[in-house]
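Each chain is listed here by its residues.
Protein chains: 2
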Amino acid sequence: MIKFYFDFSSPYGYLASTQIEALAAKHRVVVDWHPILLGAVFKQTGGAPLTQIPMKGAYSIHDFHRSAAFYGVPFNMPSTFPISGVAAARAALWARQQSMTHCARLTHALFKALYVDSADISQAEVVVAVAQASGFDGAALTHALQLQDLKDALKAEVEEALANQVFGSPFFVIEGESFWGADRLPQIDWWLAKSKKQVM
Amino acid sequence: MIKFYFDFSSPYGYLASTQIEALAAKHRVVVDWHPILLGAVFKQTGGAPLTQIPMKGAYSIHDFHRSAAFYGVPFNMPSTFPISGVAAARAALWARQQSMTHCARLTHALFKALYVDSADISQAEVVVAVAQASGFDGAALTHALQLQDLKDALKAEVEEALANQVFGSPFFVIEGESFWGADRLPQIDWWLAKSKKQVM
Chain A
790 MIKFYFDFSS
800 PYGYLASTQI
810 EALAAKHRVV
820 VDWHPILLGA
830 VFKQTGGAPL
840 TQIPMKGAYS
850 IHDFHRSAAF
860 YGVPFNMPST
870 FPISGVAAAR
880 AALWARQQSM
890 THCARLTHAL
900 FKALYVDSAD
910 ISQAEVVVAV
920 AQASGFDGAA
930 LTHALQLQDL
940 KDALKAEVEE
950 ALANQVFGSP
960 FFVIEGESFW
970 GADRLPQIDW
980 WLAKSKKQVM
Chain B
790 MIKFYFDFSS
800 PYGYLASTQI
810 EALAAKHRVV
820 VDWHPILLGA
830 VFKQTGGAPL
840 TQIPMKGAYS
850 IHDFHRSAAF
860 YGVPFNMPST
870 FPISGVAAAR
880 AALWARQQSM
890 THCARLTHAL
900 FKALYVDSAD
910 ISQAEVVVAV
920 AQASGFDGAA
930 LTHALQLQDL
940 KDALKAEVEE
950 ALANQVFGSP
960 FFVIEGESFW
970 GADRLPQIDW
980 WLAKSKKQVM
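As you go down the protein sequences, you meet chains A and B in turn.
My numbering puts the first sequence at residues 790 to 989.
My numbering puts the second sequence at residues 790 to 989.
Isolated chain A, as found in the complex:
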C-alpha cells in the first residue's frame, strides 16, 4: 500500500496525483489517499510556500509548468496562490468515508478545478459545485462541511501525518519507508520493484 499525503495547495501534489495510480497499478499495490494541510507542519519546519521565497519563487512557477509538460498533463497557475485547502481537504475526507475510490475521484476533480480551470477551491461553494459536477451529492456535502465531525476528522488526519514525520506535499509512505516529492516517483518505482524481488 502507498500512503499518499497531499495538500491541495501544492502543485507538486497535483502532479503526483496524476501519476501515482499508474505506478501503484504497475506494482499491484493500492493507493491510500490522505488529504492534509501543511500549515501546521510549516510551523515546525520553518517551511514556507515555495512561490514566496526569493529566487525559488520564480523558478518554482516555471518548474510547475515544465514538470506538467514532462508528465504530459495540463497545468495553469491559479490566479490566487497559495490558497487554503481546508474546504477541499474536508470534502476529500468526506468522500473517503464513502470509499477510497470516491476519495480519489473527488481529489482528481478538485485538483483539476484548481490547477487546470483556475477555480478558487478555497471557497466551500466552489468545492460543492466541483463535487456535484463529478456526480456527488452536493446537498449532503454542504451539510457535512458544517459538521464538527468532519472538521475533527481533518484535524486527526493532519496529526497522524505529523506523527509519521510527514513534512511536505506530496509525501509517500510505503511500509514505513518515506518518500518526499513528486520527483521521488522513479525511486518509488525502483523501491517497489526491489521489494518484490526480495520477497520472491
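It is possible that some hints are incorrect.
Same chains, same names: a pair is fine if it fits in one copy or spans any two.
Unchecked claim - With a straight-line Cα cutoff of 30 Å, these simulated DSS-like cross-link-like pairs (lysine-lysine) come out:
| no. | residue 1 | residue 2 |
| --- | --- | --- |
| 1 | Lys940 | Lys815 |
| 2 | Lys832 | Lys792 |
| 3 | Lys792 | Lys985 |
| 4 | Lys983 | Lys815 |
| 5 | Lys815 | Lys944 |
| 6 | Lys983 | Lys901 |
| 7 | Lys901 | Lys792 |
| 8 | Lys940 | Lys986 |
| 9 | Lys792 | Lys944 |
| 10 | Lys986 | Lys792 |
| 11 | Lys986 | Lys832 |
| 12 | Lys832 | Lys940 |
Since the hints were derived computationally from the structure, they do not count as laboratory data.
Based on the hints, put chain B in the right spot on chain A.
Below, chain B without anything else, positioned relative to chain A:
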C-alpha cells in the same frame, strides 16, 4: 553546454556529479563545471542546510543513502557535516585554470574523499593531499590556495551564480533554462532530447 553548479557541502551535488557526464555524453553536449558556495545564497533565500531542519534532517540523511543506492554509487555520511567547501571550491577552480577536464577530475576526487572516504576536505592540507593522490602538483596547489587571485576567482564565481539566479546545489543551466536538484536529471534528459528534435 550544461552549466553545472555545485557546492562541495551538498550531498545531492555529489550524486549529480556522478551522473551528469553520462547524461551530457548521451546528448553530445559538454559539462561546464562551476564550484560555488551556497552560504551567500542561503542568506537571500532563507535556506539552510537540509540536515539541520526539523523532520527534514532525519529524512534527508536517509534519502542521501537511498538515492546513492538508486544511482548505484557509494555514499557514507561524513562525520562532520555540513563542512566549509571553500578550500575544495578554490582547488577545483585552480584545476579549471588548467582545463575543464582537470576540473572534473579533481572535483570527482574531492567529492569521493568527502562522501565515500569521510575525509575532512574543509582542511586545505586534506584538499592538497587528495589532489596529489589524483596526480596534481601539490606544492603548486598549496601555493595557489594562498593567492588573492584564486580567492577573487571564487568570489566572482559565486557572484556570477547569484546573478544567474542559482540558489541551490546541484543546479544546472542549459541555454538559459534552469534546473534545480539531482532529481531534475530525468527532466534534463527529456529537455535535451526535445531541444534536439526541435532543431532537426
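How the hints compare with the structure:
no.: 1; hint: Lys940 - Lys815; in the structure: neither (35 Å within a copy, 52 Å between copies)
no.: 2; hint: Lys832 - Lys792; in the structure: within (23 Å within a copy, 35 Å between copies)
no.: 3; hint: Lys792 - Lys985; in the structure: within (18 Å within a copy, 38 Å between copies)
no.: 4; hint: Lys983 - Lys815; in the structure: both (13 Å within a copy, 27 Å between copies)
no.: 5; hint: Lys815 - Lys944; in the structure: neither (32 Å within a copy, 49 Å between copies)
no.: 6; hint: Lys983 - Lys901; in the structure: between (33 Å within a copy, 26 Å between copies)
no.: 7; hint: Lys901 - Lys792; in the structure: within (21 Å within a copy, 35 Å between copies)
no.: 8; hint: Lys940 - Lys986; in the structure: neither (42 Å within a copy, 51 Å between copies)
no.: 9; hint: Lys792 - Lys944; in the structure: within (17 Å within a copy, 45 Å between copies)
no.: 10; hint: Lys986 - Lys792; in the structure: within (21 Å within a copy, 38 Å between copies)
no.: 11; hint: Lys986 - Lys832; in the structure: neither (40 Å within a copy, 45 Å between copies)
no.: 12; hint: Lys832 - Lys940; in the structure: within (20 Å within a copy, 39 Å between copies)
Of the numbered hints listed earlier, those contradicted by the structure are 1, 5, 8, 11.
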